[in-house]
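**Student:** Sequence:
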Amino acid sequence: MAVQLNAQKREDLTKSVTQEIRKSGRIPAVVYGKDKESRTISVDSVDLVKTVRDEGRNAIISLKVEDGSAVDVMLHDYQIDPLKDDVLHADFYIVNMAEEMDVDVSVRLEGESKGEKEGGVLQQPFYEILVRAKPRDIPEEIVVDVSDLDVNDSLSISDLKVTGNFEFMVEPDTTIASVVPPTTEEDLDTEADESGEPEVINEKSGSEES
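Take UniProt numbering: the last position of the sequence shown gets the number 210, and nothing is skipped along the way.
Hints in this document: simulated from the structure, not taken from any laboratory. All figures in this text were calculated on a predicted structure; none of them were measured in a lab. The C-beta atom is built at its ideal place from N, Cα and C for all residues, glycine as well. Check the hints yourself; a few may be wrong.
[What the hints assert, rightly or not] With beta-carbon atoms standing in for the labels, derived distance ranges:
1) V65 - D159: 38 to 48 angstroms
2) V170 - R136: 14 to 24 angstroms
3) Q8 - D85: 15 to 25 angstroms
4) N6 - N152: 49 to 59 angstroms
5) E110 - D54: 14 to 24 angstroms
6) E37 - K161: 35 to 45 angstroms
[What the hints assert, rightly or not] Capping the alpha-carbon separation at 20 angstroms, the derived lysine to aspartate or glutamate pairs in DMTMM-like fashion look like this:
7) K134 - D102
8) K134 - E55
9) K15 - D91
10) K50 - D72
11) K161 - E171
12) K161 - D148
13) K50 - E141
14) K50 - E140
15) K36 - D86
16) K34 - E99
17) K114 - D150
18) K50 - D91
19) K134 - E99
20) K134 - D35
21) K9 - E20
22) K23 - D85
23) K114 - D153
24) K9 - E140
25) K84 - E20
26) K34 - D102
27) K117 - D145
28) K9 - E55
29) K161 - E128
30) K15 - D86
31) K64 - D47
32) K23 - D35
33) K161 - D102
With the sequences and hints as input, model every part of the structure.
**Tutor:** The following block contains the structure:
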């Protein structure tokens, strides 16, 4: 069942009214979808943040507008104030519950690898992976157990077991996690030597200059 979020219609799009909406603790937003007319609304900032925190970024939200209409949506995008860390604007995408869609899902590595215990360094190239699924089948996150990874070992998409009704939309050999050897003093010395000034070849001496 979709979590509900109440919304108010927003018809006056002037800058002054938009600022008043934000001051009142609400977020200006737009709702749109394939073959759907876009609508401008506002939602309570606390309710939206709580919904995303509790249900996840890819949660299905039943957006109920004050005129009585309700529509199933997903939070497609949002803008953050870099100074205050407040949400400035949100985009909601109307979903068709019967159709598959492509979305990015968070990847979380779980466990301490054997390689880390031996001094290796665990690397995670991607923190999100594109998957395809119907809205209700989209996983909240992809959990990858790295406990068995030794130094120089890696896990790719083909190593993961899909336990839900979704498929990965990236190449099977895409690396999800790996453990690389620790950096030694010898490695650091080598890097320092390689980054030194290049030797100047065939430089003329002062006596050879014309």
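**Student:** Hint by hint, note whether the structure agrees.
**Tutor:** To see whether the hints hold, each was checked on the structure:
Under the hint 38 to 48 angstroms, the C-beta atoms of V65 and D159, about 45 angstroms apart, fit the expected range. Evaluation of the 14 to 24 angstroms hint for V170 and R136 yields a pass: the beta carbon distance comes to about 22 angstroms. Between Q8 and D85 the beta carbons are some 24 angstroms apart, a value that agrees with the proposed interval 15 to 25 angstroms. Between N6 and N152, the C-beta spacing of about 53 angstroms keeps the proposed range 49 to 59 angstroms intact.
Distance hint for E110 and D54: a CB-CB separation of about 21 angstroms, consistent with the stated range 14 to 24 angstroms. Distance hint for E37 and K161: a CB-CB separation of about 42 angstroms, consistent with the stated range 35 to 45 angstroms. Simply put, K134 and D102 have alpha-carbon atoms about 9 angstroms apart, close enough for the 20 angstroms limit, and the pair holds. Distance check on the hinted pair: K134 and E55 sit about 17 angstroms apart at the alpha-carbon level, within 20 angstroms; holds.
About 18 angstroms separates the Cα atoms of K15 and D91, which keeps this hinted pair within 20 angstroms; it holds. For the hint pairing K50 with D72, the CA-to-CA distance comes to about 18 angstroms; that is within 20 angstroms, so the pair holds. In summary, the hint linking K161 to E171 is supported, as the alpha carbons are separated by about 15 angstroms, within the 20 angstroms threshold. Taking the CA atoms of K161 and D148, the gap is near 15 angstroms; set against the 20 angstroms cutoff, the hint holds.
Restraint check: the Cα-Cα separation between K50 and E141 comes to about 18 angstroms, which is no more than 20 angstroms; the hinted pair holds. Between K50 and E140, the direct Cα distance comes to roughly 15 angstroms. Compliance with the 20 angstroms bound is thereby established for this hinted pair. Restraint check for K36 and D86: the C-alpha separation of about 29 angstroms exceeds 20 angstroms, so the hint is violated. Straight-line distance between C-alpha atoms of K34 and E99 comes to about 12 angstroms, which keeps the hinted pair within the 20 angstroms bound.
Proximity of K114 to D150 is assessed by CA-CA distance (about 5 angstroms); at most 20 angstroms being required, the pair is judged to hold. For the hint linking K50 to D91, the alpha-carbon distance of about 16 angstroms falls within 20 angstroms, and the restraint holds. Of the supplied pair hints, the one linking K134 and E99 holds, its CA atoms being roughly 6 angstroms apart against a limit of 20 angstroms. As the CA atoms of K134 and D35 are separated by approximately 18 angstroms, the hinted pair is consistent with the 20 angstroms bound.
A C-alpha spacing of about 14 angstroms is found between K9 and E20, which places the hinted pair at or below 20 angstroms, so the restraint holds. Distance check on the hinted pair: K23 and D85 sit about 15 angstroms apart at the alpha-carbon level, within 20 angstroms; holds. A threshold of 20 angstroms between alpha carbons decides the hint, and for K114 with D153 the separation of about 10 angstroms falls inside it, so the pair holds. At most 20 angstroms may separate the alpha-carbon atoms for a hinted pair to count; K9 and E140 exceed this at roughly 30 angstroms.
Restraint check for K84 and E20: satisfied, since their Cα atoms lie roughly 17 angstroms apart, inside the 20 angstroms limit. Annotation: proposed proximity of K34 to D102 holds, straight-line Cα distance about 14 angstroms (limit 20 angstroms). Proximity of K117 to D145 is assessed by CA-CA distance (about 15 angstroms); at most 20 angstroms being required, the pair is judged to hold. In summary, the hint linking K9 to E55 is not supported, as the alpha carbons are separated by about 24 angstroms, beyond the 20 angstroms threshold.
A C-alpha spacing of about 17 angstroms is found between K161 and E128, which places the hinted pair at or below 20 angstroms, so the restraint holds. At roughly 17 angstroms between alpha-carbon atoms, K15 and D86 fall within 20 angstroms of each other, so this suggested pair holds. Annotation: proposed proximity of K64 to D47 holds, straight-line Cα distance about 13 angstroms (limit 20 angstroms). With a CA separation close to 33 angstroms, the supplied pair K23 and D35 exceeds the 20 angstroms bound.
Distance check on the hinted pair: K161 and D102 sit about 19 angstroms apart at the alpha-carbon level, within 20 angstroms; holds.
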